[in-house]
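What follows is the residue order along each chain.
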Amino acid sequence: MMQNIYKILENREIASGTMSMRLEGEVDFYRPGQFVNIAVPGFTLRRPISVCDWDDRSFTIVYAVVGDGTERMSRMLPGESLDILAPLGTGFDPDAGAERPVLLGGGVGCPPLYGLARRLLERGVRPTVVLGFNSAEKMMLLDEFRALGLDVYVATLDGSYGTKGFVTDAMRLNGLDPDYFYACGPTPMLRAVCLGLGIPGEVSLEARMGCGFGACVCCSVETVGGSKRICMEGPAFRKEELIWK
Amino acid sequence: MEMTNGNSCPGEDMNLADPRLEVDLGGVRLKNPVIPASGCFGYGYVMSRFYDLDVLGAISFKGTTLHPRFGNPLPRVAECASGMLNSVGLQNPGIDAVLEKELPMMRSSFHGPIIANISGFSLDEYRECCRRIDGAPGVEIIELNVSCPNVHGGGMSFGTSCESVAEVVRAVKEVTSLPLFVKLSPNVTDIVSIARAAEDAGADGLCLINTLLGMRIDLRTRRPIMANGMGGFSGRDIFPVAVRMIWQVSRACSVPVIGCGGVASAEDVLEMMMAGAKAVEVGTANLINPTACRDIIRNLPAAMDRYGIENLKELTSSAQGN
Numbered sequence: 001m002m003q004n005i006y007k008i009l010e011n012r013e014i015a016s017g018t019m020s021m022r023l024e025g026e027v028d029f030y031r032p033g034q035f036v037n038i039a040v041p042g043f044t045l046r047r048p049i050s051v052c053d054w055d056d057r058s059f060t061i062v063y064a065v066v067g068d069g070t071e072r073m074s075r076m077l078p079g080e081s082l083d084i085l086a087p088l089g090t091g092f093d094p095d096a097g098a099e100r101p102v103l104l105g106g107g108v109g110c111p112p113l114y115g116l117a118r119r120l121l122e123r124g125v126r127p128t129v130v131l132g133f134n135s136a137e138k139m140m141l142l143d144e145f146r147a148l149g150l151d152v153y154v155a156t157l158d159g160s161y162g163t164k165g166f167v168t169d170a171m172r173l174n175g176l177d178p179d180y181f182y183a184c185g186p187t188p189m190l191r192a193v194c195l196g197l198g199i200p201g202e203v204s205l206e207a208r209m210g211c212g213f214g215a216c217v218c219c220s221v222e223t224v225g226g227s228k229r230i231c232m233e234g235p236a237f238r239k240e241e242l243i244w245k
Numbered sequence: 001m002e003m004t005n006g007n008s009c010p011g012e013d014m015n016l017a018d019p020r021l022e023v024d025l026g027g028v029r030l031k032n033p034v035i036p037a038s039g040c041f042g043y044g045y046v047m048s049r050f051y052d053l054d055v056l057g058a059i060s061f062k063g064t065t066l067h068p069r070f071g072n073p074l075p076r077v078a079e080c081a082s083g084m085l086n087s088v089g090l091q092n093p094g095i096d097a098v099l100e101k102e103l104p105m106m107r108s109s110f111h112g113p114i115i116a117n118i119s120g121f122s123l124d125e126y127r128e129c130c131r132r133i134d135g136a137p138g139v140e141i142i143e144l145n146v147s148c149p150n151v152h153g154g155g156m157s158f159g160t161s162c163e164s165v166a167e168v169v170r171a172v173k174e175v176t177s178l179p180l181f182v183k184l185s186p187n188v189t190d191i192v193s194i195a196r197a198a199e200d201a202g203a204d205g206l207c208l209i210n211t212l213l214g215m216r217i218d219l220r221t222r223r224p225i226m227a228n229g230m231g232g233f234s235g236r237d238i239f240p241v242a243v244r245m246i247w248q249v250s251r252a253c254s255v256p257v258i259g260c261g262g263v264a265s266a267e268d269v270l271e272m273m274m275a276g277a278k279a280v281e282v283g284t285a286n287l288i289n290p291t292a293c294r295d296i297i298r299n300l301p302a303a304m305d306r307y308g309i310e311n312l313k314e315l316t317s318s319a320q321g322n
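First to last, the sequence lines map onto chains R and H. Taking my numbering, the leading residue of the first sequence gets 1, the next gets one more, and so forth. Taking my numbering, the leading residue of the second sequence gets 1, the next gets one more, and so forth.
So that you can see chain R by itself, here it is in the shape it has in the complex (with noise of 0.2 angstroms):
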C-alpha cells in the first residue's frame, strides 16, 4: 500500500449528485472492490471511496456528492493533486468459481461492480448486470455496462426507468438464474439480498471509517469469524460470514 499524490485527469458530474474522477499514478489494485482514501482539503479524516476501474497509470472513482468532503471534492479541477492511501482493503473474489454471477448494484454502489465486470469478462465469466437507482435521473454506468456487450437490467424506486422496486424484483421479473451474486448498495439491499437469494455471493459492506488501513478498528462489523474490519478484511466478504440482526 502506498501514500502518493495523485494527479485529477477528469471529475465530471455523470448522473444527478454523482460524479466521476480519474487520477493518474502509480496503480496497485489487485481486486475489484478495493477502495481509496482521500484527504480532502481542509477536512480532517480522509473519505474512503471505492474504486470503480483502473489501467496501468490511472483509476477511477464515482462518488456521490453527500457532504461538505464530497462537495469539496467536485469542485475540484484536472491539474490539481490528491493525496491519497491506495490499494485499501479486501474486494471483491472474481476466482470464486461463478459460471453465470449476477452484479448487483444500488445507488453508488454500483461503481465497483464495473471493474469487477471487467475482471470477470477477463476470465472469460460473463456476467449480468441489475442496477437499481431511486430514480432515472440517479442512474449511471448504464452505457458502460452494456459496452462491455451486458445484459443490463434497471430497477428504480419510483418506476421512473427499467423496472419499479428493487434489484429483486427486477431480478425475478426478468427470470434471471444465477449461480452467485456480487453485491454493492444501501444496507437495506445487501441484507434483502443476502436473506433472500438462495444462492452463495458476496456484498461489499460500507462505515464511517477514521484510518481505512485497519489501525483504528472504527469500522468493526461481527461476523460469524469473529470482528472484522470492513477497511481490511472487507469490505466484500461472503454471505456466509455475515451476522444480520
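Be a bit skeptical, because a hint or two may be false.
[Said to hold, decoys possible] Pairwise CB distance ranges (calculated): (1) H:Asp-305 with R:Ser-16: 35 to 45 angstroms; (2) H:His-111 with R:Glu-24: 34 to 44 angstroms; (3) R:Glu-99 with H:Arg-131: 51 to 61 angstroms; (4) R:Glu-26 with H:Arg-298: 19 to 29 angstroms; (5) R:Arg-191 with H:Ser-177: 46 to 56 angstroms; (6) H:Pro-240 with R:Arg-191: 36 to 46 angstroms.
These are calculated hints, taken from the structure and not from any lab test. Heads up, the beta-carbon is just placed ideally off N, CA and C, and yes, glycines get one too.
Based on the hints, put chain H in the right spot on chain R.
Just chain H now, with coordinates in the frame of chain R:
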C-alpha cells in the same frame, strides 16, 4: 513522496538514531520521545507496511481488557473541524489472545519498549489483566486507562475520583513490578488532585490526556452521528487542553509525565515537553497520515536547531522556569 515499507530505505531510517533525541522515561531509555498512542496503532504490526517501526521511541498498544470485547455499534466515528470523535468502546481480543498472538506479532515488527495499555471495569479485572501482562516479553511499562466506567461504582469512570484512582493503582501495584503509568481522563474538575492521588497511591508515572467527551449531531437525521451518542474527542483541537493539564500536573507531581493529545508535528512535541512531558504520545495524527510518527521523528532535529535545543533530555519542564 513515495512512502512504502521503511525497509526499502534502511539507510535513511538508521539516521534517526540520534543521541540528541534520547530520553529517559521513569528508568526506561527511549531512543526518542515519540510514542504512538494506544488505540491509534493497533498492536503495531498493522502499521509496519508503512515504515520501519524500530524508529519509534516506544509503542503503546491497543487498550486491552481481561475478556474479548466487540465494542460499540457502528457508526463509531464522527469528524470534527480539526479532530474526531470515536466510540470504539475498547474493542480488543482480550489479554490472553494479546499474549498469545498480538504481542508476538508486535515483537516481530518492533523491537523497542512496549507500553501495555490496560483497561478494566472492576478492580479485579485491572489486577488480573496486569498480573498476566507482567513478565510478558517486550513489555516495559504498564499504562492504566482509568477512563472506563466502574461497574461496581455506579458506572462512574475510575478516573474521575481521587479515591477510585488510588484504589486501582494500589490494586495493580500489588501484582506487578513494571513501571505503572496512569493515563488520566481530562473529563474532571481538578486534574491535579486526581494526578496527586495516583502518585500518592504509588503510580510511577502519569500519561495525559485521554480523549475529551464529545458529541456530534447529524442535521439531516436529527440524531447523534455515532450510535453510542457520546465519544472521545481527539486530534489537533485538543492540543492546548493537553498542554495546560501537563503543565499543571508536572508542577504538582514529581513522577514523569507522558504528554498526549493533539500532537501532529515536531514542534508540538517540543511544546509538550517544555510544558512538562518526558515523552509524547501521538494518536489521531497516525489515522490521517500513517507515517506521522516517523515524519515527526525525522523533523525533530531541525526543529530543535531552530529553537536552540541541544538535546531533548534537558527540555522537559523548561517552560516552567524556576
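Hints the structure fails to honour: Checked against the structure, the only hint that fails is number 1, while the rest are satisfied.
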